[in-house]
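Make a model of the complete structure from these sequences and hints.
Chains A, B and C, in that order, give the protein sequences. FYI, in the numbering used here the residues of the first sequence are 14 to 120. FYI, in the numbering used here the residues of the second sequence are 252 to 749. FYI, in the numbering used here the residues of the third sequence are 734 to 1248.
Simulated from the structure, these hints should not be mistaken for laboratory data. Wrong hints could be hidden among the right ones.
What the hints assert, rightly or not - Not the full set, but computed from the structure, chain C residues with beta-carbon under 8 Å of chain A:
{"id": "1", "residue": "G934"}
{"id": "2", "residue": "Y1047"}
{"id": "3", "residue": "Y1053"}
{"id": "4", "residue": "T1081"}
{"id": "5", "residue": "R1090"}
{"id": "6", "residue": "G1119"}
{"id": "7", "residue": "H1224"}
{"id": "8", "residue": "Q1241"}
Unchecked claim - Simulated coverage check for chain C against chain B, where a stretch passes if three residues somewhere in it have a Cβ under 8 Å from a Cβ of chain B:
{"id": "9", "region": "829-840"}
{"id": "10", "region": "940-949"}
{"id": "11", "region": "967-976"}
Yeah, the Cβ is synthetic: ideal placement off N, Cα and C, and Gly gets one too.
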Amino acid sequence: MPESTADRAAAITPDLVAHLAGLARIALSGEEVERLTVQLGQILDNVAKVSEVATEDVPPTSHPIPLQNVFRADAVADVLTQEQALSGAPDAESGRFRVRAILGEEQ
Amino acid sequence: MNDRLMDFDKAIEQFEPVLGFEVHVELSTRTKMFSSAPNAFGSEPNTNVTPVCLGLPGSLPVVNEQAVRYSISLGLALGCSIAESSRFARKNYFYPDLAKNYQISQYDEPIAFDGSVDVELEDGRIVPVAIERAHMEEDAGKLTHLGGATGRIQGAEYSLVDYNRAGVPLVEIVTRPIEGAGADAPALARAYVATIRDIVLALGISEARMDRGNLRCDANVSLRPRGQQRYGTRTETKNVNSLRSVERAVRYEIQRQAAILAEGGTITQETRHWHEDTGRTSPGRPKSDADDYRYFPEPDLLPVVPSAELIAELRAALPEAPAVRRRRLKEAWGFTDLEFRDVVNGGLLAEVQATVEAGASPQAARKWWTGEISRIANAREAEAAALVAPAQVAELQGLVDDGTLTDKLARQVLEGVIDGEGSPAEVVQRRGLAVVSDDGALLAAIDEALAAQPDVLEKIRDGKVQAAGAIIGAVMKAMKGQADAARVRELVLERAQG
Amino acid sequence: MSGTGAEAITRLPAAELAQLLAAGELSSVEATRAHLDRIAQVDDVVNAFLHVSDHALDVAADVDARRAAGEQLGPLAGVPLAIKDVLVTSDMPTTAGSRILEGWLPPYDATVVQKIRAADLVPLGKTNMDEFAMGSTTENSAYGPTRNPWDLDRIPGGSGGGSAACLAAFEAPLALGSDTGGSIREPAHLTGTVGVKPTYGGVSRYGVIALASSLDQIGPCARTVLDAALLHDVIAGHDPHDSTSLGEAWPSFAELARSSADASALQGLRVGVVRELSGEGIDPGVRQRFTETLELLAAHGAEIVEVSMPHVEYAVAAYYLILPAEASSNLARYDSVRFGLRADVTGTVEDVMSATREAGFGDEVKRRVILGTYALSAGYYDAYYGKAQKVRTLIQRDFAAAFEQAEVLVSPTAPMTAYPLGTTTHDPLAQYLNDITTIPVNLAGIPGMSVPVGLSPEDGLPVGLHLMAPARQDARLYRAGAAVEALVREHRGAPLLDAVPDLAAAIQAWQEVAR
Chain A
14 MPESTADRAA AITPDLVAHL AGLARIALSG EEVERLTVQL GQILDNVAKV
64 SEVATEDVPP TSHPIPLQNV FRADAVADVL TQEQALSGAP DAESGRFRVR
114 AILGEEQ
Chain B
252 MNDRLMDFDK AIEQFEPVLG FEVHVELSTR TKMFSSAPNA FGSEPNTNVT
302 PVCLGLPGSL PVVNEQAVRY SISLGLALGC SIAESSRFAR KNYFYPDLAK
352 NYQISQYDEP IAFDGSVDVE LEDGRIVPVA IERAHMEEDA GKLTHLGGAT
402 GRIQGAEYSL VDYNRAGVPL VEIVTRPIEG AGADAPALAR AYVATIRDIV
452 LALGISEARM DRGNLRCDAN VSLRPRGQQR YGTRTETKNV NSLRSVERAV
502 RYEIQRQAAI LAEGGTITQE TRHWHEDTGR TSPGRPKSDA DDYRYFPEPD
552 LLPVVPSAEL IAELRAALPE APAVRRRRLK EAWGFTDLEF RDVVNGGLLA
602 EVQATVEAGA SPQAARKWWT GEISRIANAR EAEAAALVAP AQVAELQGLV
652 DDGTLTDKLA RQVLEGVIDG EGSPAEVVQR RGLAVVSDDG ALLAAIDEAL
702 AAQPDVLEKI RDGKVQAAGA IIGAVMKAMK GQADAARVRE LVLERAQG
Chain C
734 MSGTGAEAIT RLPAAELAQL LAAGELSSVE ATRAHLDRIA QVDDVVNAFL
784 HVSDHALDVA ADVDARRAAG EQLGPLAGVP LAIKDVLVTS DMPTTAGSRI
834 LEGWLPPYDA TVVQKIRAAD LVPLGKTNMD EFAMGSTTEN SAYGPTRNPW
884 DLDRIPGGSG GGSAACLAAF EAPLALGSDT GGSIREPAHL TGTVGVKPTY
934 GGVSRYGVIA LASSLDQIGP CARTVLDAAL LHDVIAGHDP HDSTSLGEAW
984 PSFAELARSS ADASALQGLR VGVVRELSGE GIDPGVRQRF TETLELLAAH
1034 GAEIVEVSMP HVEYAVAAYY LILPAEASSN LARYDSVRFG LRADVTGTVE
1084 DVMSATREAG FGDEVKRRVI LGTYALSAGY YDAYYGKAQK VRTLIQRDFA
1134 AAFEQAEVLV SPTAPMTAYP LGTTTHDPLA QYLNDITTIP VNLAGIPGMS
1184 VPVGLSPEDG LPVGLHLMAP ARQDARLYRA GAAVEALVRE HRGAPLLDAV
1234 PDLAAAIQAW QEVAR
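And the structure:
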């Protein structure tokens, strides 16, 4: 786990940025990778200070206003027509969205 | 290139299989898990969707209360503890069938955990299978791959996406590693999935049809040399769409992995795909760090905190445990141990029960399901339960009971029903298979047969009653089996008297 | 109303417009047309609008007809309204300021949009914003920046620069905005208008293109506190489509604003000055107006106390971990499959997705998506996202402690006045600091408001007061805000926006220079 500033800056390498871009499905150019490497390193330096203050005994807060058990009844509503569903589709065929061949396997 | 397989018994001699299962149960709620779109099978594509199912910008999930109730009931039936506070998490990955490119699932706070399910093997031995967790999540849409030869992803030119299934409620049941099954591993695998199926059917929370994907099983198999503590590398096999496939796939993986390990090779940790037609698994994606799902708590949904009252209410409504139910049914039906085990091992308990409820006698139901229907299922490499409905079997037996059909004719009618020609009564009519009950017609045929074999009457009068058999046979042939052989015999003997 | 030229109509606050409409002295068609004309006159340069409705007059005519037929209409019926392009509208393209959604026509309406339609407001069009609400200057819009009507070479703030600028340009009397880290309040401060971020969950997020799910809120933008209150009354309330929306009924903020429009609302009110947000880094001109406002409040009965929020210095850091993390996930859906841009490249669908996002997302979006992906990735979650969520707890505790000592908290809304366009476009970190005073409010989920209190003595540009109240106590903002507004007006002798330069003339001059 990166600790010092030097560690943190070093943690952001072009390889890492390229890897993250792959995870995020953004085809960054080489120039963008380099630029982002520098910028993210700087940003990370600034934001990593959260680790200084947030100790073990402090619970994390995911939701600013604590609510619980928010449900809806098991009843049909808001259904779109097929036409509405496909209205934004860049490409469609026989009522379905059409995409190029898929490389990866299903999860 | 085909995998090399080691002989199964040899494999078990050298290695200990360790199993793990992830079973996905599709809940039969009216609407989806996080959207109010209909949860229905077989509709026109993209007609059971709301903006939420399509992941349209601005759309938000809202939890289906009934799905939560069903999930808690399932957790209780699996002997699990129910979480005091449970929350949803996003599992982030890109795939065209995933409308938001993340799946809303559960990660660190599943709804149910630490349970146990008793699985009964053929020899009556009970194996407790430890359940690690059961959690709620949403299903993905359906992809159709086109332009290639096989309809599978490899070689396809393009794909079409239907989001009708996207968002359907799922409960994923994860076991802890199952050790010590030895040679029974394949059978145990099948029995485990059959047990889960029985449980969800008894709860009434899922249609549990594996052929429709209501119940899906991912089988994890690893081997370790006998005596070794450390687990071996495991593979995960998907596309296991029937109880039969579960058993076959586990068996195959044991044999395949044993062959590799015996030669000093290593097992690749990967997802494999089961092919029912060829009886093999093939490699899918290797599990790599691309599987960084970046789980974090779902900010659009709030924690589920089941009250003690709700849990008590659902617990009180649980149907009896499968083992208890089995004992009760066995007694009620008066089956022997062997007869009952046949039914259970065939995964046909629910079917037999439904057939009895539809009016057939327990023995008749058993005979049909474990006999003829199973035989046809095996021949066609299909699942017995998918071939014919219990109500139809009961109707068929009814036609035998009232003399409309003989057993032999009934088997023909069964085939007609299975082939989709209609209900038993419809098939009888369409094919003209009813037993001829008109004595006149029978006597005409008897007389013809007697005329062709004149010495038979003499033999009968001399006391050789068995000689009637030749006439009965001839008459049955002439009537194309549509006669009650017992009645024919009676009439032949009467003729001999008179 | 005789002699009411189109220009006079556009100078009217919404409350007055509404009164004239109700009294039959003005038609909604006239009001709408006046604003459409104004948009046509100035928006080529101001660029507050990405889309102007082609059927606003039809909507207005329908309201007029129903009113004439005797139908009982709501308090804002017939009043024109601008809508930030982050809200999904089924009758107008919705882009969130991004190329990746260029021309996208949604098949549904946001809940808030349904509400304003049901209240018979007349949508004028969609306003410009930083792409996916990421930014504090509106320079990150894929469709060009919006210019500040006070000085056309300066930023109007962001991400809701369009909504704030269109008010200051008198192109609309009301606007809807969204606020994730200050995107309503900071532009309000920079344009001399009023902007409110409600308590998290107070207004529905269904149909709001998500940036950071645990921080986003929709809020009213207007030229007066009463106008903002009237709009807030329309949009607030529980929505079963949004699991995070609050169930309680809200009081009428308009009633509160009306009854608080004088100093009596300040009697005995403890006003807490957050030391850490009002000290270092604040421009002298901003600080001067801030201090003067406090003195004004004290002189009218308010008790000014100083409070400390020791963890607030970590707020920006936590925000720039939580937001990118949630945004990286929220923006994954923009993948060329179901809607939006699809890049024309060969290859697999994965190739098309990657090329589409590369072409369709701007630099700031890519930056935050990559940062967020990092913060959530295996091995880094605990150190970054996990820790940031703990800072959120600490900030909430700081606020809770502060609210023990004061009913409302204050700070300057932003450390600076409107600076020239292009100043921070190459320095993302500098841009992040624009929101240093507004971010803690979003992290904690409490409501906040910016009210204009004066012009900086340094550059004559607007300065706003930032008011904060405990969660669910939005009422306190309207009471205090209305009182502050009244005092400031009395003190200055005129509403602040009277001082905005003549825009038509400014545009002419600007165009001459540009030639």
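Fill in: Three-residue Cβ test at 8 Å for the coverage of the region 940-949 of chain C by chain B
holds (count 7)
Discussion item. Please check whether the region 829-840 of chain C has three or more residues whose CB lies within less than 8 Å of a CB on chain B.
Written reply: Since three or more residues must qualify, the claim that chain B covers the region 829-840 of chain C holds, with 5 doing so at under 8 Å.
Worksheet item: Holds or violated: C/R1090 as interface residue toward chain A, Cβ cutoff 8 Å?
Response: At 5 Å from the nearest chain A Cβ, C/R1090 passes the 8 Å test, so the hint holds.
Item to complete: Could you check if C/Y1047 really has its C-beta closer than 8 Å to a C-beta on chain A?
Response: Holds: closest Cβ of chain A sits about 6 Å from C/Y1047, inside 8 Å.
Practice prompt. For the hint on C/H1224, just tell me whether its beta-carbon gets within less than 8 Å of chain A.
Written response: Nearest chain A Cβ about 35 Å off; hint violated.
Item to complete: Classify the hint on C/G1119 as holds or violated, based on whether any CB of chain A lies nearer than 8 Å to its CB.
Response: Result: holds, 6 Å to nearest chain A Cβ.
Worksheet item: Given C/T1081 as an interface hint, is the shortest Cβ-Cβ distance to chain A below 8 Å?
Response: holds, 4 Å
Discussion item. Let's test the interface hint: is any C-beta of chain A closer than 8 Å to that of C/Q1241?
Written reply: Since the shortest Cβ distance to chain A is 39 Å, the answer is violated.
Worksheet entry | Proposed interface contact between C/G934 and chain A, which counts if any beta carbon pair is under 8 Å | holds, 5 Å
Item to complete: Count residues of the region 967-976 of chain C with a Cβ under 8 Å from any Cβ of chain B, then say if the count reaches three.
Response: Three-residue rule met by the region 967-976 of chain C, so holds; n is 4.
Worksheet item: Regarding the hint that C/Y1053 lies at the interface with chain A, is the smallest CB-CB distance below 8 Å?
Response: With a closest approach of 5 Å, the C/Y1053 hint holds.
Checked against the numbered hints listed earlier, the structure breaks hints 7, 8; every other hint is satisfied.
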